[in-house]
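A.B. asks: The primary structure of each chain is shown beneath.
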Amino acid sequence: MDLTYFFFLSSGLFLGWSLGANDVSNIFGAAVGSKMLKFKTAALIASFFIIIGAVYSGAGTTQTLSSLGEVNTIAGSFMVALSAAITVYFMAKTGLTTSTSQAIVGGIIGWNLYAGKSTNLAVLLQIVFGWVVCPFLSAAIAVLLYFFFKRLINKLHIHVLMQHQFLRIGLVLSGAFCTYALGANNIANVMGVFVDSSPFKEVEFGFLHLNAEQVLFFLGGLAISAGIFTYSHKVMATIGKNIIKMSPFIAFIIISSQALVLFLFSSESLRQTLHALCLPAFPLVPVSSTQAVIGAILGIGLMKGGRGINWSITGKIVLGWFTTPLLTLFLCFTCLFFLENVFRQIVFIP
Amino acid sequence: MFHVKIPLFANTKKLEHKIDELHDKIIEISMVFKKAFHLFLQEKRSANYRKLSKEIKTIEHDADVLRRSIESSLYLQNLIPDFRGDVLELVENLDKVINEFDEVAHQFYIENPDVPKVYHEKMEELVSEVCECAENLAFASRAFFRDFSAVRDYSKKVYFLEHESDKTTAKLKEEIFSSDLELAHKLQLKTFLSEVADIADLAEDCVDQLLIYVIKRDI
Numbered sequence: 001m002d003l004t005y006f007f008f009l010s011s012g013l014f015l016g017w018s019l020g021a022n023d024v025s026n027i028f029g030a031a032v033g034s035k036m037l038k039f040k041t042a043a044l045i046a047s048f049f050i051i052i053g054a055v056y057s058g059a060g061t062t063q064t065l066s067s068l069g070e071v072n073t074i075a076g077s078f079m080v081a082l083s084a085a086i087t088v089y090f091m092a093k094t095g096l097t098t099s100t101s102q103a104i105v106g107g108i109i110g111w112n113l114y115a116g117k118s119t120n121l122a123v124l125l126q127i128v129f130g131w132v133v134c135p136f137l138s139a140a141i142a143v144l145l146y147f148f149f150k151r152l153i154n155k156l157h158i159h160v161l162m163q164h165q166f167l168r169i170g171l172v173l174s175g176a177f178c179t180y181a182l183g184a185n186n187i188a189n190v191m192g193v194f195v196d197s198s199p200f201k202e203v204e205f206g207f208l209h210l211n212a213e214q215v216l217f218f219l220g221g222l223a224i225s226a227g228i229f230t231y232s233h234k235v236m237a238t239i240g241k242n243i244i245k246m247s248p249f250i251a252f253i254i255i256s257s258q259a260l261v262l263f264l265f266s267s268e269s270l271r272q273t274l275h276a277l278c279l280p281a282f283p284l285v286p287v288s289s290t291q292a293v294i295g296a297i298l299g300i301g302l303m304k305g306g307r308g309i310n311w312s313i314t315g316k317i318v319l320g321w322f323t324t325p326l327l328t329l330f331l332c333f334t335c336l337f338f339l340e341n342v343f344r345q346i347v348f349i350p
Numbered sequence: 001m002f003h004v005k006i007p008l009f010a011n012t013k014k015l016e017h018k019i020d021e022l023h024d025k026i027i028e029i030s031m032v033f034k035k036a037f038h039l040f041l042q043e044k045r046s047a048n049y050r051k052l053s054k055e056i057k058t059i060e061h062d063a064d065v066l067r068r069s070i071e072s073s074l075y076l077q078n079l080i081p082d083f084r085g086d087v088l089e090l091v092e093n094l095d096k097v098i099n100e101f102d103e104v105a106h107q108f109y110i111e112n113p114d115v116p117k118v119y120h121e122k123m124e125e126l127v128s129e130v131c132e133c134a135e136n137l138a139f140a141s142r143a144f145f146r147d148f149s150a151v152r153d154y155s156k157k158v159y160f161l162e163h164e165s166d167k168t169t170a171k172l173k174e175e176i177f178s179s180d181l182e183l184a185h186k187l188q189l190k191t192f193l194s195e196v197a198d199i200a201d202l203a204e205d206c207v208d209q210l211l212i213y214v215i216k217r218d219i
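Chain order of the listed sequences is A and B. The first sequence begins at 1 in the numbering used here and counts up by one. The second sequence begins at 1 in the numbering used here and counts up by one.
Certain hints may be false.
To be verified - Below, a list of computed lysine-lysine pairs in the DSS-like style, where the Cα atoms sit at most 25 Å apart:
no.	chain 1	residue 1	chain 2	residue 2
1	A	K155	B	K44
2	B	K54	B	K44
3	A	K35	B	K216
Stated by the list, open to error - A partial selection of chain B residues facing chain A, derived with a Cβ cut-off under 7 Å:
no.	residue
4	N11
5	L15
6	L79
7	I80
8	P81
9	D82
10	D86
11	E89
12	F145
13	R146
Read the hints as simulated data drawn from the structure, not as lab findings. C-beta: ideal position from N, C-alpha, C; glycine also.
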């Protein structure tokens, strides 16, 4: 394995870095912003669980992305990830809600079109279904959790101070679960396109055994964790200031619903259990954690009478479903042309 | 068999206990004040009254210590950051009610006013209303920490008793100023009546804030 591989991998690592800086801030922002949790504690918990989630449960969503398009050269993977990262950056600048999941799907389709390979429409439909369902499901779960915990608190007459301590523990546990689910669900966006061209071999550290794919995911996890430690503090402070009016209890509900949604869309064992029980299971697709958060906030807002809800944000979500993949597709297709013809790189193997 | 104390919960439990104790102090001071006032009407500034007045002072001092301890613990343990300010304000206001009881009892001891027998019954009625009002404030505030729905019930009682105390004060003032007492004596009695009634007013202000806190917390 030479150093050029790491150069090509850098676009994926950059995507991972931005995921750590932005998406993890959505999870711990309210807790850190309201001083319920110290940043260092939040960053340590998030880094540990995101790596665990990515390494041990990231295979499901990665498989789905691979069946959408098997990017078979490292230069091709580099461009897919880079175009996704650029699109996410510019979409975020314009204030439109975007997600790495939508960007990477657009990039893969762009590569498919450039390489003249067919896109699996059934898988694409599954993925789009996941995007559309995600905010609605998150809203429904948030409302259910809100009623359940509100009732529990009213029934048990727990002292306000003790409620606070339970809430603090709840925020840590739900945050840990949520970062685990985020790692499991979104590692496919960061490293999924590099799986087919990965030169890594399986490694063993004593009792720890990682296969080639897991080594790649571990690297992705480290990039996410770097994003958490280097930049998420800034984003968390902004989130904390902006949504400080959101009580820690509501923050707990939102994080928990986000965690459950991400888990539903990424857990292979849950999928198998549901299949065994003859119940419909969710497809293992990478979804947007930001849109899950927005869905949960809207759900609680609607339940409280819908006053003060900024409805334009729902329009932005829907717009994001189309614009993000289309922009990435176009960007990826164009850049692949330059990479192949100007920089003389092999971007696909027919 | 095993008794494991988790420091996180043990410290919070301690603070919970201190807040409960502060509420107990309000109930205690109102009961002692009622007893002391009854004694004052019978014996004026006697040794027994002095003893009760000292008891009131001790309760007030203990409440001050508790208030300071609650305030510092809330910051040290970094508890309820989202509404710590409200709780601190509430604790301060509860302490103001306790201070007012002490001030009135002490004022009676210093000035030793002569209360004509004809006003005794009405005066005792006023003190009884004011003390009950303060006790209901303690119940409402205690409920604020455990059971929001009960805050409203106790608040209603506080409002009712404050209104009753206002009516009793007005009647008494009217009677005093239409009597043959000297103007200085009338003014002295009026000042005492106003000070006693102030305790109920403070309790009412405290409950007003409590209800706002409940609305804020319920969002």
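A.B. asks: If a hint holds in the structure, say so; if it doesn't, say that too.
C.D. replies: Tested hints:
1. A hinted pair counts as satisfied when its Cα atoms are at most 25 Å apart, and K155 of chain A with K44 of chain B does not qualify at roughly 50 Å.
2. Distance check on the hinted pair: K54 of chain B and K44 of chain B sit about 15 Å apart at the alpha-carbon level, within 25 Å; holds.
3. With a C-alpha separation of about 19 Å, the suggested pairing of K35 of chain A with K216 of chain B holds against the 25 Å cut-off.
4. Interface restraint check for N11 of chain B: the shortest CB-CB distance to chain A comes to about 9 Å, outside 7 Å, so the restraint is violated.
5. Given hint, L15 of chain B at the interface with chain A, holds; its Cβ is 6 Å from that chain's nearest Cβ, closer than 7 Å.
6. The restraint placing L79 of chain B at the interface with chain A holds, with a minimum CB-CB distance near 5 Å, inside the 7 Å limit.
7. With a cut of 7 Å, the hint placing I80 of chain B at the interface with chain A holds, because the nearest CB-to-CB distance is about 5 Å.
8. Interface restraint check: P81 of chain B against chain A, minimum CB-CB distance 5 Å, threshold 7 Å, status holds.
9. For D82 of chain B, the suggested interface contact is upheld, since its CB lies about 6 Å from the closest CB of chain A, less than 7 Å.
10. Evaluation of the D86 of chain B hint against chain A yields a violated restraint, the C-beta minimum of about 10 Å exceeding 7 Å.
11. Here the hint on E89 of chain B is broken, as its CB sits about 14 Å from the closest CB of chain A, past 7 Å.
12. Interface restraint check for F145 of chain B: the shortest CB-CB distance to chain A comes to about 5 Å, inside 7 Å, so the restraint holds.
13. At a threshold of 7 Å, the smallest CB-CB gap from R146 of chain B to chain A is about 5 Å, leaving the interface hint in force.
Of the numbered hints given earlier, the model fails hints 1, 4, 10, 11; all others are met.
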